[in-house]
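Trainee: Given next are the chains, with one letter for each unit.
Protein chains: 2
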Amino acid sequence: MARRIERNTPKEDGYRMPAEFESQKQIFMLWPERQDNWRNGAKPAQEAFSNVAKAINRFEPVTVCVSKEQYANCRAHLPAEIRVVEIASNDSWIRDCGPTFIKNDIGGLRAVDWTFNAWGGLVDGLYFPWDADDQVAQKLCEMEGVDSYRTEGFVLEGGAFHVDGEGTVMTTKMCLLSEGRNPHLSQEEIEKTLCDYLNCEKVIWVTDGIDPDETNGHIDDVACFIRPGEAACIYTEDQENPFYETSRNSYEELCSAIDARGRKLKVHKLCLPKKAVRLEGAYGIDQIEGTAPRKDGDICIASYMNFLIVNGGVIVPQYEDENDSLAIEQIQAMFPDRKVVGVKTREIVYGGGNIHCITQQQPLP
Amino acid sequence: MARRIERNTPKEDGYRMPAEFESQKQIFMLWPERQDNWRNGAKPAQEAFSNVAKAINRFEPVTVCVSKEQYANCRAHLPAEIRVVEIASNDSWIRDCGPTFIKNDIGGLRAVDWTFNAWGGLVDGLYFPWDADDQVAQKLCEMEGVDSYRTEGFVLEGGAFHVDGEGTVMTTKMCLLSEGRNPHLSQEEIEKTLCDYLNCEKVIWVTDGIDPDETNGHIDDVACFIRPGEAACIYTEDQENPFYETSRNSYEELCSAIDARGRKLKVHKLCLPKKAVRLEGAYGIDQIEGTAPRKDGDICIASYMNFLIVNGGVIVPQYEDENDSLAIEQIQAMFPDRKVVGVKTREIVYGGGNIHCITQQQPLP
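Line by line, the protein sequences give chains A and B.
Counted the way the numbering used here counts, the first sequence spans residues 1 to 365.
Counted the way the numbering used here counts, the second sequence spans residues 366 to 730.
Calculated pairs, DSBU-like style, for lysine-lysine (alpha carbon to alpha carbon, straight line, at most 35 Å):
hint, chain 1, residue 1, chain 2, residue 2
1, B, K557, B, K538
2, A, K173, A, K344
3, A, K25, A, K43
4, B, K419, A, K11
5, B, K390, A, K25
6, A, K264, A, K25
7, B, K419, A, K25
8, B, K709, A, K68
9, B, K433, B, K660
10, A, K295, B, K433
11, A, K54, B, K376
12, B, K433, B, K709
13, A, K68, B, K419
14, A, K192, A, K269
15, B, K557, B, K390
16, A, K11, B, K433
17, A, K269, A, K11
18, B, K408, A, K68
19, B, K390, A, K68
20, B, K390, A, K54
21, A, K173, A, K25
22, A, K68, B, K660
23, B, K640, B, K419
24, A, K54, A, K25
25, B, K640, B, K709
26, A, K68, A, K25
27, B, K567, B, K704
28, A, K275, A, K344
29, A, K25, B, K433
30, A, K43, B, K433
31, B, K433, A, K68
32, B, K433, A, K344
33, A, K269, A, K344
34, B, K433, A, K54
35, A, K68, B, K376
36, B, K567, B, K631
37, B, K538, B, K567
38, B, K639, B, K629
39, A, K275, A, K295
Source of the hints: derived by calculation from the structure; they are not laboratory data.
Isolated chain A (complex conformation) (with noise of 0.2 Å):
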């Protein structure tokens, strides 16, 4: 029913990646469960995760995914409106782990299901295996009939990168040179990779992201399009900020990009947290060996960047910060046509990610 291709690309065949603005047919999520990377067994991002999955099923249809342990208690935590479907994983990334959906000018779907080795396999991976996560986006497809181009041999993140939909590809150099991914490629193939798979003509590179240690600087936690020809880049002037330099450094690199249309980006500030996302209760989280153990006080990767744009609406991370407010006015002021809603992802970003790390939009034909 649903075919993996090998041979051609998708550039060859005619698909690109639409943008995220741009029209989705629904949003994908994986339920987190793992006890030594979620708080006290994992209820508390249970609880967070299906707020975000109810705050976007406002706008548009959502399918959460689940392992046959958690199945019956995904079921009942979610509303009768938000589907259920038993894929296994080992852990709930699905913008890493799942298909990038692209699609061609006559209503023809496809998928791209790159290699996922867990950001960075056996050089710096975040945890070991990551064979179920890698079935992931296999698995989707297969269940919707949608066709897929497997990047055997080629790791690479849907967080790591984010399209215009009209050519251009932003991404950065922190993650997409690490040793842990295609070390056996020069930037120029790999430019040339993420062109011919996202159909796309130009890369512009940031240097490096706020996570080196996780994704290895995943851009989604920096930068975005808004819509074309315009992006959104964090922002601070607080030296203070952990993410400070990056911030700036980023900010101006895309001030100066050029995308594939030859327009000069337009990029809109967003603010950060005023005060670090520090862990709490690390003591809920089962520790295990060759792990070094989280403790009280770990600085977390808390961006109001990571948010998801869905049909009608944006879903921002709130972190019960004195800025929370603040992020929510910038990102509706980007996106006037929009509601932009709010939803308390503190537990998330203990985790790893934020909302936009939880989520992949399938586009509508």
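Once you've looked at the hints, dock chain B against the given chain A.
Mentor: Frame of chain A; chain B shown alone:
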């Protein structure tokens, strides 16, 4: 997306179960893997199931549900045209634990999700636990976006009944009045529930099935409807045949039966294997606590009646028995407009069922 309906019944809502010979959209199957039921790591059974899936796929789409552990193996063994989805189960009898699809006259599709207890629960069920099996119907319905009626407290399996699509349901007393299913209900109350959920007016009771120790005598090894007003029934004149008495009694009971429309049934005879099928290679079946070990020479429940009707075809068990071709001829005579296809299924019979037991049809709306 898919609702659970717990108040009304299908009859009240105008939904009926179509007969198997009505138009179908697809067939669902489960992938066999439990090593305490299937010989030699379930590999021969997996091959036999694959052959059944491929035979059906000549006529209509097939979706195979499989555990996360066997997903990759199952996907690798089936052609791309067959859809594979992750759904855990305790064993592989989707006729019995899967949904019974029902439809109305204006394009609506729903399902009945019977309570499943492994053919007798703690009284004389075949394994424990059966919780994953009992979730299969819900998961399938949720995945496909089909609203379902849950019969909490009413135990039934899809192999225990057949309908003619015109108000008649056929079943056995041995099964439906068994102690392990609904002992709190009288025969009249059971009739009413059957008629309410399948939208029928008349129950034709056959006394016994041929496997008292396994399914407590499912009808689908004994008889079925082949079109409105006509049934098929196993029949032999060989008094040494282990199923001689049951088959003769069933045939006579059906010959005197009147259906919901007041028709006297026309009953077609279907032969049994000439030589009893006996288990071989029992050493390859894992022994577990609490179950009497199976032995070489055990009689298997091999009936040609356990065929599946599909769009334009009939998929029929073959046992490498002298009567294999006679069975094909007899079934071809019953279905002159369908292509009859035989598939070797000794291996499936070793596990306790056959083609009808391992399949579940979804009708076209």
